[in-house]
Every structure is written in structure tokens, then in C-alpha cells.
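Given the structure of chain A, go ahead and fit chain B onto it with the hints provided.
If you read the protein sequences in the order shown, they are chains A and B. In terms of the UniProt record's numbering, the first sequence is residues 1 to 400. In terms of the UniProt record's numbering, the second sequence is residues 1 to 400.
Bear in mind the hints are in silico, worked out from the structure with no lab data behind them. Watch out, some of these pointers could steer you wrong.
Any copy will do: because identical chains look the same in the list, a pair fits if it lies in one copy or spans two.
[To be verified] In the DSBU-like style, the derived pairs of lysine-lysine whose C-alpha atoms are separated by at most 30 Å in a straight line are:
{"hint": "1", "residue 1": "Lys4", "residue 2": "Lys163"}
{"hint": "2", "residue 1": "Lys86", "residue 2": "Lys4"}
{"hint": "3", "residue 1": "Lys163", "residue 2": "Lys10"}
{"hint": "4", "residue 1": "Lys366", "residue 2": "Lys350"}
{"hint": "5", "residue 1": "Lys366", "residue 2": "Lys295"}
{"hint": "6", "residue 1": "Lys86", "residue 2": "Lys366"}
{"hint": "7", "residue 1": "Lys10", "residue 2": "Lys214"}
{"hint": "8", "residue 1": "Lys350", "residue 2": "Lys86"}
{"hint": "9", "residue 1": "Lys298", "residue 2": "Lys86"}
{"hint": "10", "residue 1": "Lys147", "residue 2": "Lys214"}
{"hint": "11", "residue 1": "Lys50", "residue 2": "Lys350"}
{"hint": "12", "residue 1": "Lys50", "residue 2": "Lys147"}
{"hint": "13", "residue 1": "Lys298", "residue 2": "Lys214"}
{"hint": "14", "residue 1": "Lys147", "residue 2": "Lys298"}
Just so we're clear, the structure is a prediction, and the values are computed from it rather than from any experiment.
There are 2 protein chains.
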Amino acid sequence: MSVKYRYSSKVDRLQSSAVRDSLKMALGRESISLAGDLPAEELLPLDAVKEAAGRVFRSGNGALQYDLTEGYLPLREQLCGRLAAKGMTIDPDDMILTGGSRPAIDLIVRALTEPGSVVLVENPTCLTSLQVFHLNGLQVIPVESDKDGMMMEDAERLIRRHKPALVYVVPNFGNPTARVWTAQRRRGLVECCRRHGVLIVEDDPYGELKFDAKARFPTLFSIEGQVSGGCVLYTSTFSKSVAPALQTGWVMGDRNVIRMITKAKQAADPEPGTLDQRILDQLLRHFPLDIHLRKIGKLYRQRMQHMQTLLREQELSGVSWIEPQGGMFLWLELPDGLDAEALLRCAVMKGVTFVPGSPFYALEPKRNTARLNFTSTSRDQMTVGIARLADAISEFTARS
Amino acid sequence: MSVKYRYSSKVDRLQSSAVRDSLKMALGRESISLAGDLPAEELLPLDAVKEAAGRVFRSGNGALQYDLTEGYLPLREQLCGRLAAKGMTIDPDDMILTGGSRPAIDLIVRALTEPGSVVLVENPTCLTSLQVFHLNGLQVIPVESDKDGMMMEDAERLIRRHKPALVYVVPNFGNPTARVWTAQRRRGLVECCRRHGVLIVEDDPYGELKFDAKARFPTLFSIEGQVSGGCVLYTSTFSKSVAPALQTGWVMGDRNVIRMITKAKQAADPEPGTLDQRILDQLLRHFPLDIHLRKIGKLYRQRMQHMQTLLREQELSGVSWIEPQGGMFLWLELPDGLDAEALLRCAVMKGVTFVPGSPFYALEPKRNTARLNFTSTSRDQMTVGIARLADAISEFTARS
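Excised from the complex, chain A in its bound form (with noise of 0.2 Å):
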């Protein structure tokens, strides 16, 4: 009798990310990508990590065992430091270090989550973080969202009606509209979760990708105040702002609740080696991180702008964007009537690639949007790209 292999009903039912595969689709032509999103590499720190790795060789052989399942206790350390010079204050034992942001989200849903429980999200949201929900079996029901984030009257709705075991939020240049949520709409969730007594889940990956350096935007769990008992779990990591290869986020909030995490990661990865977090930690000592955001946020911004520059050349007639203030993503709608994924198959011919919208909507999708990224393309590249774009877009609104 042969094997019949029985598969998660979870997994099985999870889609194969567009990202992936439109990344896949172009594999082997000369395509461009404005699909993916991995940080401008010319920018990574490369002789800052080397050095770093160095210090850490040379501190013995004790760098190559494992460590705790919290996480390397004198990186934690430094980073309080950094979250207190940004007004938030917490304390190491509040805190848990994570291989990177999707995991972060992903223990977070197994330590306080059921399969069956509801999650609110934006709308649209991130994929990523929508496959880590169908991972864990959650429901996951989206908030009326617009440019300036959730609105509010349909978060409060969605609350009574549903009372979600989290509200998972991007406040800063989410994936993929790159909205930033105003101050107020910051208050009035975290005053509504805090009155319903509703766990919020504050992704904040982009945060310090932001085009004006002095801009200030208050996270949730600073408006929150409260760690010990408050109402926002908040999560980054250093993949955009460092490096993605030293894989390492964090998660902070109530210590009851990162112990729940903790309890979680030790039964999956009970004893981490950390020499990414070593690394990290000799790099922050070293390295001026602040003057190097700044260097990611001016050229992120000059790109941007270069592609929605090539964008209104174009004189492409329904599309349109909001300007992004920071992160990695220009959000296009396109025409009516126009569905990405038919646009997607017809801009691999002509050799550009990017993400359809669709998968990003919990519901409902709206077909006639795409994810555009500008950081890992230089200004030819985008130039030819975005041409390319545009003659796929005009080949569909020419047919209709």
C-alpha cells in the first residue's frame, strides 16, 4: 500500500502568495521586478555587520551555542534604549526577541489565539500577516478602512459584534497602501479597544523608513502608555532597517502576555542560537543607525517620487495613488473594470512584474489595484519598468 499523505486542511487550503508567485513567473526573463520588497541592497550595511560579526568571534566560543528562547538579553537591553529615546518605555523582561517580523505576528496569533477566533484587520492588509491568520485558522474580518486608517464607527461595530481576540493594525506605511494613520484615529482605537478591553496588534516594520526624517508619528503603544495591562502588543523589526539576513523582530507589551509568547516559542524553537542577535547587538554599539535611516529614507523618497514622475508621464486615464511619506510601497488603483492579475499575466510578457491587489483584501477584493514597489530598483530599471507597466495598462483600457 503506498503512502497517502494527509495534509493540514490550513495549509492545504492556503494560497500559494501572488507575491511569490508573479516572482516566480518572471524567473529566467529579463523582467523587472516592482513586486518584491526587499530593501535597496546597495544601502545594506555590509562592513558595519562584518565588523560586527568580528566582535562577536572574537568574544569566544561561547558566541556559537544557545542562548534563551527571550532572546539575547544585552540586545534587548540596547533596545529599550533606542524605544526610550522614542518615548516608549518598557523594561527588558517586557520584551521578546523573534527571527524577524512574520514570526513575531505568528507566535503572537499561537499564544492568544483559538483556531476559530476573529482578528480585525485593515483593509486591504497584509498578505503575509493574512496567510499567518488562515495559518492558525482565524477568522478574519476587515474594518471600512480609508486613507487615514480604520474608521472608527465600523471598528467599534465589528468589536461589539465580534468581540476579536486582536485587532492586528500597520499604522505606519503599511504593506501595501503605505497609508499613515492619523493621530487620531491612533486615539480613538486605542481608546476603543481600551474601553472594550480588546487586544491591539501594532505591526510596525516601516516605521523608520519615513521620507522626512523629523516627522513624528505616535506608535499606539505609546498612546496606550500602559504596558503592564494595556491594550496594544507592539511588534518590529530590524529586516528593513538593518539587514533581512540578521532576521531578528521583537514583540513588547504586558509581561503576562510576552511570557504567553515566550511559553509558545519555547515548545517551537525552544532553544534559539542568537549569533544573528549577537551581530545585531555589536552593530548597534558601533554603528550610527540613525544617520544610516536617514541615508534609506532620502533615497527611498527620491525613488518614489522618480516613479510617480514616470507614473504621470504616462497620462495613464483612471489611475490613480496617494503619495506615500515613507515605507517601501506605492499603492496604484487602476482603471475600473481593470483586474490586476489579468494586467499581471500581460506585464510578464512585456518583462515587469508586480503584485496584484487582490490577496491583500480579507473580502471582497477590489480587482483593479496593485502593489508597486520602489526600493530595490535603480532609476533606469524603474524608468524601463514603469513603461513597460504602462503599456500593458494602455493595451486593456484600448480593448475597453
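Leaving out everything else, chain B in the frame of chain A:
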């Protein structure tokens, strides 16, 4: 209204690991740990890792980017070469790299089971794997086992009765018993599972840590012979053979199963950084790993023999063990009626820790059992540690 945190019932029910508890109890004391599962720190190949990292950094900024979910291809290719030399013919596409051994088990379970699915395990079996099973809501059923592995009659009876999703085994120097399955039992289980169409997860983290370099222990994977449509998923790690900090393990088997595991990993951690994998890849190109493994085997055998000698010298009546042929642990049977958890509390007072055996049993623990680690203490520490342990045991046996 203050937030009432709600926790996942599965995580809430997880016991905090006894290994970690005993480690914590001993913190801050002049304590000798026989509780851990750390490799001998003096043999960690720091220089080789440092040189490998140097080569990775010289390859350019791309080393700091994201990589494929399946893991760094050149490492998968090299690994296939190593495995072929051991009679396991495998293609890089039949394999996924993971962040170590435990995350591998977690992904397998997420991809191939539902909450409530049955997994059969040896009795006793690896504590951290039990925690992964509980985290994922599995029903864990132990198969009667002796020093040679699972008893085939009971395995067959339970397979018929429960139609398990998985049979989980550690045939080489398993944690905690260090038992080595006989060739007959290995063949027996493969045949039985093939007959019933049931998937075996062969977890082999310790297989390379054998005391007799010439000893050959055929893997269930090679006994099965068939990768596509086969009944064995094999998983192992570089954590014990090279270094824990390089956090790299792998799973191999039928390509469709690997694809489903990849899908689960995509959802949880879509685009991992792979600095660790790149370092490991470079290391394996230049470092004589097999010579290194012989060195490890030799040191561990010396330490194991020293531990045995010390235990024998203490002439503890009612204490017995089976001499390990590899791995990191000595599994003690204590006098009838002696509860190892009570013994641990006494031992901590005397300045030594170990892991009580109960949590390694899925059901009905044998309380008079204990796991001693012999890999990470020096000769002198071990001498003192075993004397203290004997002292604690004598105190208990004197009382009865």
C-alpha cells in the same frame, strides 16, 4: 475597562519545560549542570565559522538579503552530496532547510496534521517534540518500547486502532534514553507503516554523534528506499554536529510533502534571511566535518565513560543504566519509589542539576528516571557533580 488577556488553551496547558526550570533553579548558585543539552563548547569550530563568515561577507551585499523559503540552494546541493555518501539519494527539491531541528518538527506537524490528529511516539521520547505536538493540539500516544526501539506488536496494534497521522521516532541515540534501534526494528517499522500507508517522521539530530566512527546505523529513510511516495520523512540538524548558533536543520522526503511544508513555512516565515545557511555552506566547503565529528565522538565517549566510572564507584544500589553508543545523554533508572522530581530539589541544594524523566513520557511517567548530560561538563566538574548527585540519592534511599 482593563484588558482581560485571553490565552490559547493549548499554550496555557503547556508545562514550562522541566529542563528550563531546573536550569533556572540553579542560576546564581555554584551549581554543576548535568541538565543541559549543550555541545562541548571547546569543540565548537569558531575559527572555521569565522573564516566561512569572512568568505560570505566578501561575496557582497546580497548575503544580507532575503532568500527562498526552501533555503539557500548551494547548501541544499552540498547536503545532498553528503547524504549520497551515506546512501541517501536525494534531490535538492526534495528538501527544505529550517531554523533547526525543533522548527522542522513544528513545520511537519503544521503541514500534515489537524488538531486532534494522533501521533505515535516511543516511550519515553523527546520532551521538546512532545511540546511541539501539544502546541499543535495533537493526541500523543506512546508505543511500548524497550532498549531496541518500539515494540512492533504494539506499534501495529496502535496503528490499526488509531490510524495515526504520524509515527515519530528517533532511532539513533534518542533524547532521553540514547537508545539505538536494532536493524530489525527499523525494518519492522518501515514495513509496518508502508503496509498501513502511515508516514514516519525520523528525527535524527544525534546520528552523527556516534562513539564508534565505524559503526553503521541504517536510517529508516534509506531502508524505505523510495523518496517519492515513500513512508519516511527524515529530519536532522547541524546544531549538534557543527554549532547551535547556526540554526540550520532540514527535512527531506516526498516532493509533494516538502511542498506542503514549504507552504506552511511560507505563511509563517515567508522570506527568511539565510546568513546562517550561507556561513554553513562556506564552512562545509572547507572544513573537514567528518574528522571533526570523530573528534567530537571521541571526547563524548571519554566523558560518558568517565560518568559511568563515577557512577559505578558510588555503588548506588538500585541505580542502573544502559551504556550509550552515542549522543549526549545517560538515562538513569533510580531505585523503585524514588521520585526524580523530589530528588532534583534535593540535588539543587547540593549544587547539581539534571532532568527528571517524567516529562519525557506522553502518559504514565516512570518517576524514578533521570536524564544526565555528559557532553558539556569537564572531567573535574563531572566528578564533583556525580558525587553530589550520589549524595542526594543516598539521602533518599537511606530514608526508605
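Inset, instruction - Would you pick out the hints that fail for this structure and give their numbers low to high? - result: 5, 6, 7, 8, 11 and 12
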